[in-house]
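Fit chain B to the supplied structure of chain A, relying on the hints for placement.
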Amino acid sequence: MANLKTSEKKSKAQSMGMHTEVLTGRTQQKFFNPDEAENFYYFGTYDVDFNKRTDLDVKEMSAPEANKEIDNLMSQGYGTIVIKNPQGKHSLGVGILNKLNLIFEGSLGYFGMGSCDGPTVRINGRVGWSCAENLMAGKVVIEKNAGSCFGAAIRGGDLICKGSVGARTGIDMKGGTIIIGGDAGAFTGFMMQRGRIIILGDVGINLGDSMYDGTIFIGGSIGSYGSDAVDAELTKSDQDWLKRKLKVAEIGENFDVSKMKKIVAGKKLWNYDNLEPTEKKGAI
Amino acid sequence: MAKKKSKKVKTKSKATKVKFGVKKQSAREKMIGQSIGYRYDVNLLPDYTKITPFLKKYVEAMGWDDLNWLEDVHMGYEEGKPAVFCRNANGWVTIPKSIKLPNNQQDRDMIARELLVKFQMSPKHPLVDLKKAYLKF
Numbered sequence: 001m002a003n004l005k006t007s008e009k010k011s012k013a014q015s016m017g018m019h020t021e022v023l024t025g026r027t028q029q030k031f032f033n034p035d036e037a038e039n040f041y042y043f044g045t046y047d048v049d050f051n052k053r054t055d056l057d058v059k060e061m062s063a064p065e066a067n068k069e070i071d072n073l074m075s076q077g078y079g080t081i082v083i084k085n086p087q088g089k090h091s092l093g094v095g096i097l098n099k100l101n102l103i104f105e106g107s108l109g110y111f112g113m114g115s116c117d118g119p120t121v122r123i124n125g126r127v128g129w130s131c132a133e134n135l136m137a138g139k140v141v142i143e144k145n146a147g148s149c150f151g152a153a154i155r156g157g158d159l160i161c162k163g164s165v166g167a168r169t170g171i172d173m174k175g176g177t178i179i180i181g182g183d184a185g186a187f188t189g190f191m192m193q194r195g196r197i198i199i200l201g202d203v204g205i206n207l208g209d210s211m212y213d214g215t216i217f218i219g220g221s222i223g224s225y226g227s228d229a230v231d232a233e234l235t236k237s238d239q240d241w242l243k244r245k246l247k248v249a250e251i252g253e254n255f256d257v258s259k260m261k262k263i264v265a266g267k268k269l270w271n272y273d274n275l276e277p278t279e280k281k282g283a284i
Numbered sequence: 001m002a003k004k005k006s007k008k009v010k011t012k013s014k015a016t017k018v019k020f021g022v023k024k025q026s027a028r029e030k031m032i033g034q035s036i037g038y039r040y041d042v043n044l045l046p047d048y049t050k051i052t053p054f055l056k057k058y059v060e061a062m063g064w065d066d067l068n069w070l071e072d073v074h075m076g077y078e079e080g081k082p083a084v085f086c087r088n089a090n091g092w093v094t095i096p097k098s099i100k101l102p103n104n105q106q107d108r109d110m111i112a113r114e115l116l117v118k119f120q121m122s123p124k125h126p127l128v129d130l131k132k133a134y135l136k137f
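Each protein sequence line maps, in turn, to chains A and B.
If you number the first sequence the way this note's numbering does, the last residue is 284 and the count never jumps.
If you number the second sequence the way this note's numbering does, the last residue is 137 and the count never jumps.
Be aware that a few hints might be false.
Here are some, though not all, of the chain B residues that point toward chain A, as calculated from beta-carbon distances under 7 Å [what the hints assert, rightly or not]: (1) Leu45; (2) Tyr58; (3) Ala61.
Example chain B residues on the side facing chain A (calculated, C-beta under 8 Å, incomplete) [said to hold, decoys possible]: (4) Tyr38; (5) Val42; (6) Asn43; (7) Met62; (8) Gly63; (9) Asp65; (10) Asp66; (11) Asn68; (12) Asp72; (13) Gln120; (14) Met121; (15) His125.
FYI, nobody ran anything at the bench for these hints, they're computed from the structure.
Since we're looking at a predicted model, the values are computed, not measured.
By construction, the Cβ of each residue, glycine as well, lies at the ideal position given by its N, Cα and C atoms.
Just chain A, same shape as in the assembly:
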């Protein structure tokens, strides 16, 4: 996995035969083959067909039972699953590491669609706190409003809310794109490290507070800027990308992106000392 070197001096544990190598880096070379056969899915995931569709009524099920049943249906090759009566249950649809077309006919509670990697999800209702937390890849569309911490710590994929969202949207996000059709609350983009946030409406106070990197685009008014959040020039490339993304998000296709404000990190908070290089390497 990592770059391993044989140690010359044997520690007590090594001389006892517990291990013979020490970890010296993170570079990986020997596993990589550029001529690898075309394979678009993770090893061990289910081969599902988008045209194979089924309904799942979760009214009488607990969240773990419902999630297990979704997994079971995927194992049978169902690529489109419609969830009936979610009734605001918490933690529905979490941990899906597969391509899948998932439709919720109703609203979700807290932590819906958390830790997913690949599915395309449509929620025809509202969502509670921390929707799609830690999303790795895929597309999640919410037709109505969302609670606080929307898209907390996401690392990739598109997270779209056609309505308005609460405070701390995109807190600690490390990649991906969050698109909001309405307004957003305070501390939007708080401590974000990379990725992009697009808000077509107004945004509350402390926008992009302590952001390390990444970009925020705002269509409406800004309550106030957070620490180290600064304006940047909106380029032609930005505008082209915004138009494309809003079309993909099915919202604001005719929105005048040329009038949007672009906010980035001022990088004044980038203060590290020599004690942190190892920690920093892990974060990059």
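Quick look at chain B alone, frame taken from chain A:
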């Protein structure tokens, strides 16, 4: 009257060599003796005109409309060699020498995305062994 010699100006199309691992240091970086920030411009938006046929197929197979999570993948470097960061394995995957890289970040990024998909979806990916050993459900 003497004829003016019209000098032909030859424009040499010099292909500048890409030096991975070399970037300008800020005053703060010089002071603390280490580099700060990512190893590439994380805010660089993808140029969709450069998308490769493999990536088109991948996006289509996944049912997406664009590069999705791959928008955040860029060609970086590790120990002076071109490399792409694999978030699943938390390590840099160096690009084999046999692959010639174009002198353009957008094109290089597309190659990085393609190679990363091939790496992550490969049965030789290190997570496959871990999954076999530790998968609980």
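*List of violated hint numbers, smallest to largest*: none
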